[in-house]
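Chemist: As given, the protein sequences belong to chains A and B, one line each in that order.
Counting from 1, position 125 in the first sequence corresponds to residue 127 in my numbering; the numbering is continuous, with no gaps.
Counting from 1, position 246 in the second sequence corresponds to residue 288 in my numbering; the numbering is continuous, with no gaps.
Hint data in this document are derived by calculation from the structure and do not stem from the laboratory.
It is possible that part of the hints are untrue.
Unchecked claim - Here are the simulated lysine-lysine pairs, DSS-like style, with alpha carbons at most 25 angstroms apart:
(1) 78(B) <-> 420(B)
(2) 15(A) <-> 218(B)
(3) 411(B) <-> 33(A)
(4) 203(B) <-> 218(B)
(5) 85(B) <-> 45(A)
(6) 84(B) <-> 33(A)
(7) 420(B) <-> 72(A)
(8) 348(B) <-> 8(A)
(9) 290(B) <-> 351(B)
(10) 78(B) <-> 45(A)
(11) 232(B) <-> 218(B)
(12) 420(B) <-> 45(A)
(13) 15(A) <-> 420(B)
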Amino acid sequence: MNSREKILQAVLKNQPAASVLPDISMFGGNKSEAVQQYLEIFKTIGGTALEVADFAEIKTYLQDNFELTKRTVTTLPELGDMAEMLSQTVDPHTFEDVELAVIQGHLAVAENGAIWLTDEVMGQRIIPYICQHLAVVVSANQVVPTLHEAYAEIGIGNYGFGGFIGGPSKTADIEQALVLGAHGPLSMTVFLLTEMS
Amino acid sequence: MKETQIQDHATLAEAFIQDEERVNWHDGALWFIREKRDLAAKKIPEWENLREVASQIKHNVISNLHDYLVQFEENLTRNGVTVHWAADAAEHNAIVYSILKAKEITQMVKSKSMLTEECHLNEYLAERGISVINSDLGEYIQQIDNEPPSHIVLPCIHKRKEEIGALFHEHLGSEKGLSDPTLLTRVARKHLRNVFMTRRAALTGVNFAVAETGEYVVCTNEGNADMGAHLSEVQIASMGLEKIIPQKKHLSIFLRVLARSATGQPITIYSSHYRKPRPGQEMHLILVDAGRTRQLARPDFRDSLKCIKCGSCMNTCPVYRKSGGLSYHNTISGPIGAILAPNLDMKKHADLPYASTLCGSCSNVCPVKINIHDQLYKWRQVIVKEGYAGYTKALGMKTMAWTLSSPGNFTKAGKAGRWFMQNLPFMINNKFNPWYKQRELPEGPEESFAEWYAQNHEKEEPVYK
Ligand code: SF4
Numbered sequence: 003m004n005s006r007e008k009i010l011q012a013v014l015k016n017q018p019a020a021s022v023l024p025d026i027s028m029f030g031g032n033k034s035e036a037v038q039q040y041l042e043i044f045k046t047i048g049g050t051a052l053e054v055a056d057f058a059e060i061k062t063y064l065q066d067n068f069e070l071t072k073r074t075v076t077t078l079p080e081l082g083d084m085a086e087m088l089s090q091t092v093d094p095h096t097f098e099d100v101e102l103a104v105i106q107g108h109l110a111v112a113e114n115g116a117i118w119l120t121d122e123v124m125g126q127r128i129i130p131y132i133c134q135h136l137a138v139v140v141s142a143n144q145v146v147p148t149l150h151e152a153y154a155e156i157g158i159g160n161y162g163f164g165g166f167i168g169g170p171s172k173t174a175d176i177e178q179a180l181v182l183g184a185h186g187p188l189s190m191t192v193f194l195l196t197e198m199s
Numbered sequence: 043m044k045e046t047q048i049q050d051h052a053t054l055a056e057a058f059i060q061d062e063e064r065v066n067w068h069d070g071a072l073w074f075i076r077e078k079r080d081l082a083a084k085k086i087p088e089w090e091n092l093r094e095v096a097s098q099i100k101h102n103v104i105s106n107l108h109d110y111l112v113q114f115e116e117n118l119t120r121n122g123v124t125v126h127w128a129a130d131a132a133e134h135n136a137i138v139y140s141i142l143k144a145k146e147i148t149q150m151v152k153s154k155s156m157l158t159e160e161c162h163l164n165e166y167l168a169e170r171g172i173s174v175i176n177s178d179l180g181e182y183i184q185q186i187d188n189e190p191p192s193h194i195v196l197p198c199i200h201k202r203k204e205e206i207g208a209l210f211h212e213h214l215g216s217e218k219g220l221s222d223p224t225l226l227t228r229v230a231r232k233h234l235r236n237v238f239m240t241r242r243a244a245l246t247g248v249n250f251a252v253a254e255t256g257e258y259v260v261c262t263n264e265g266n267a268d269m270g271a272h273l274s275e276v277q278i279a280s281m282g283l284e285k286i287i288p289q290k291k292h293l294s295i296f297l298r299v300l301a302r303s304a305t306g307q308p309i310t311i312y313s314s315h316y317r318k319p320r321p322g323q324e325m326h327l328i329l330v331d332a333g334r335t336r337q338l339a340r341p342d343f344r345d346s347l348k349c350i351k352c353g354s355c356m357n358t359c360p361v362y363r364k365s366g367g368l369s370y371h372n373t374i375s376g377p378i379g380a381i382l383a384p385n386l387d388m389k390k391h392a393d394l395p396y397a398s399t400l401c402g403s404c405s406n407v408c409p410v411k412i413n414i415h416d417q418l419y420k421w422r423q424v425i426v427k428e429g430y431a432g433y434t435k436a437l438g439m440k441t442m443a444w445t446l447s448s449p450g451n452f453t454k455a456g457k458a459g460r461w462f463m464q465n466l467p468f469m470i471n472n473k474f475n476p477w478y479k480q481r482e483l484p485e486g487p488e489e490s491f492a493e494w495y496a497q498n499h500e501k502e503e504p505v506y507k
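All chains, please: the whole structure from these sequences, using the hints.
Modeler: Quick look at the structure:
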C-alpha cells in the first residue's frame, strides 16, 4: 500500500462522525458606507487611497508623486502614453528594475483595504510584488463592504493566480517596529475611479 | 540547529528568565500584540459569531477529511499541479529532494512554513548539497543565527535589535553597530532580492487549501512567498492534511479572523490564491500526515487540528510570555505547541503540557475555539497514565488531580492552602516546590470567594434552578 492509500485509510478510520457545515449567509456589511470606510482604513494600513474622477486626474497625481523617468509599467491602455505597456510573455526576472507599476484591480474591500487582483489584470504575476511602488485603479462602484461580498463576487473564478493585496509590504519582525517595504513594494496607492462606474 | 532538545521546558525557561530586563520586554511586546488583537476584534460586532462559525467549519473538515482530501487532489490535478503524499517527515523531505534533483537544482528559497521546520528540511537538503534560504525576515534572522523560530508568526520576537544588527554585520557585512529596524530591514531586502532573482525553485507553506477549487492560499505581510513563487520555475507547497477548507466562500471567514487574531491587522497584506502553474512553470503540492491521522484518532485532542496558526494563544499565555518560545524545544511553541507536541513524541514532550497555569486565556482568544487549556489538562493525565511524568511533576500532578477532582476537595484544598500561606509560608515557598521558584507569593486572602458568598448571600435565592 502506498502512502496515499495508507493516509486516506487512516483518515477514514479515525475521523469522527460527520457534522454539517454552518450557514454563513448572514454575514456581510453596509454598502452605502463602503467607499468612505475604504478610504479611511487604507490610510491606517500605511497606503494612500483617493477618489478620482478620470484618468487625467490619475496621470497628474502620478506625475506629481513618482519619478516617471524611472521604469514605469502598466496594463492600462489609458496610461499607454506615459508608461510602458507590459509584455505578458517576457521572462518575469526582467521586471526587477520596475519603479512603478500601475494596474487595474477587480474590487476593493472596505473593511480591510484589500484589493482583489488576478493574473489577467496583473499582466504578469510578479508585477505587483516586484515593483518598488504599486498603484492600482479600481472602479468606485466595485468597493464592497466585507470579504463576504468580495468572495460572493469572485465566485469560483477562472484564474491561474489571484490575490488580495492590502497595502505596501511590511514587516515588524525586528522588535515589533513597523517597517514598510519588506520584500514587496515600499508604497501602495489606490485610485477609486468614479468615471469607470 | 543549537542542541536545546535535551533540556526540559522548566530548565530552559529558567535560563531565559535570568535576564530580567529581557523577560519584561518580551512579556510586554507580546502583550502589546494581544491588545492589538482585542482592539481589532472589538471593531467587528459579529466577532464571536465568526469564531463559532470558523470552529464549526473546521469541525466539518475534520469529520469529512477523507472526502475533502480526495476532492482537493482531483482539483489540483485538473489544474495542472502534481500531488504528492507523505506519511512522515522523511518521506516529505525525500519528495522535495527528488523534485529538485530531477531539475538539477541546488538552491531553493523558502517562505514561512512551520511544517518544513518540523521536518528539518533545510538540514536534510544541506546534507545533499542543496542550500535553502528562509525568506521571511524573522525566519531568515533565526536561520543565520542557527536557531529555530521562537514564535510561529514572529519567529525572532525574543531577539533585540542590537543582536540582529550584530548578526547582519557578521553575515551580510552591514555596518557595525547598526540597530535601526528600518535600516536593518533595507539590508535584508537588498540581500534577499538577489536570492529571489537567482533561485529556480521556491517552496511555500499553505494557510488554507480549498477542496472545492484545488487552490491554496498563502498569507504573508512581506510579499516573500510571492517573490519566490512567481520568479521560480519549480514551485513547491508543503501542507499538513488539516489545512483543508471545504469551499471558497469559507475563506471569507478565515481571512477575517486570521490576521486580526495574529497581529490585530484587518488582513495580512498578501493573501495569495495559487491555482495553476504559469506557462513553463512546474507546481507541486505535498500533503503531509506526520502524526496528523494519529491525532485525529484521539477524541480528546483531535480539535487541535483546527488550528490556523495565528499565534494568539502564545501572545496571551503568561507562561509563554515569560519563558520564551525556545524553551518549548518544539517547532511550534506556546499552548498550541504543548498540545500538538505530545502526539508527535510523548516522552520527549511530556513536560510541555505542564508549561501552563491552565488559566484558559488561550482558549478565550483562539479564533477557531479550540479548548486548548482543557487539552493541556487532559494531556497531563495521559502522560501520567503512560508513565512519562518526571517525579516532581507526577507529584504536582497528583495534587492537582485531587484538587480538581471534586468541588468538595477543591474547597478543602483552598482552605488548607490559605492556612499554609498565612501560617507556614515556607512550606510552599521552598525549593521542593518548583512553582515557587522566581515567584513571590501573594498574601493569602482571609476567606475564599465561595466562603464570602456563602456568608453574605445565604438567604438569597439562586437565580438558576
Ligand atoms: S490554537 Fe488557536 S489561538 Fe493558538 S495558534 Fe492555533 S488558531 Fe491560533
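Chemist: Given the hint that residue 411(B) pairs with residue 33(A), does the C-alpha gap stay at or below 25 angstroms?
Modeler: 30 angstroms, violated
Chemist: Holds or violated: residue 78(B) and residue 420(B), Cα atoms, limit 25 angstroms.
Modeler: 31 angstroms, violated
Chemist: Check whether the Cα positions of residue 290(B) and residue 351(B) lie no farther apart than 25 angstroms.
Modeler: 19 angstroms, holds
Chemist: Under the criterion that the straight-line Cα-Cα distance not exceed 25 angstroms, is the pair residue 85(B), residue 45(A) satisfied?
Modeler: 17 angstroms, holds
Chemist: Residue 84(B) and residue 33(A) were given as a pair; does the straight-line alpha-carbon distance stay at or below 25 angstroms?
Modeler: Status holds; Cα separation ~21 angstroms.
Chemist: Sort out whether residue 45(A) lies within 25 angstroms of residue 420(B), counting only the CA atoms.
Modeler: 46 angstroms, violated
Chemist: Regarding the pair residue 203(B) and residue 218(B), is the alpha-carbon distance no greater than 25 angstroms?
Modeler: 13 angstroms, holds
Chemist: Can you confirm whether the C-alpha distance between residue 15(A) and residue 420(B) stays at or below 25 angstroms?
Modeler: 23 angstroms, holds
Chemist: Check the hint pairing residue 15(A) with residue 218(B) against an upper bound of 25 angstroms on the C-alpha distance.
Modeler: The given pair, whose Cα atoms are some 58 angstroms apart, is violated under the 25 angstroms limit.
Chemist: Please verify whether residue 232(B) and residue 218(B) have alpha carbons no more than 25 angstroms apart.
Modeler: 17 angstroms, holds
Chemist: Would you mind confirming whether the straight-line C-alpha gap from residue 78(B) to residue 45(A) stays at or under 25 angstroms?
Modeler: 17 angstroms, holds
Chemist: Does residue 72(A) sit within 25 angstroms of residue 420(B), going by the straight-line distance between their CA atoms?
Modeler: Violated: residue 420(B) and residue 72(A) sit about 62 angstroms apart, past 25 angstroms.
In summary, the numbered hints that this structure violates are 1, 2, 3, 7, 12.
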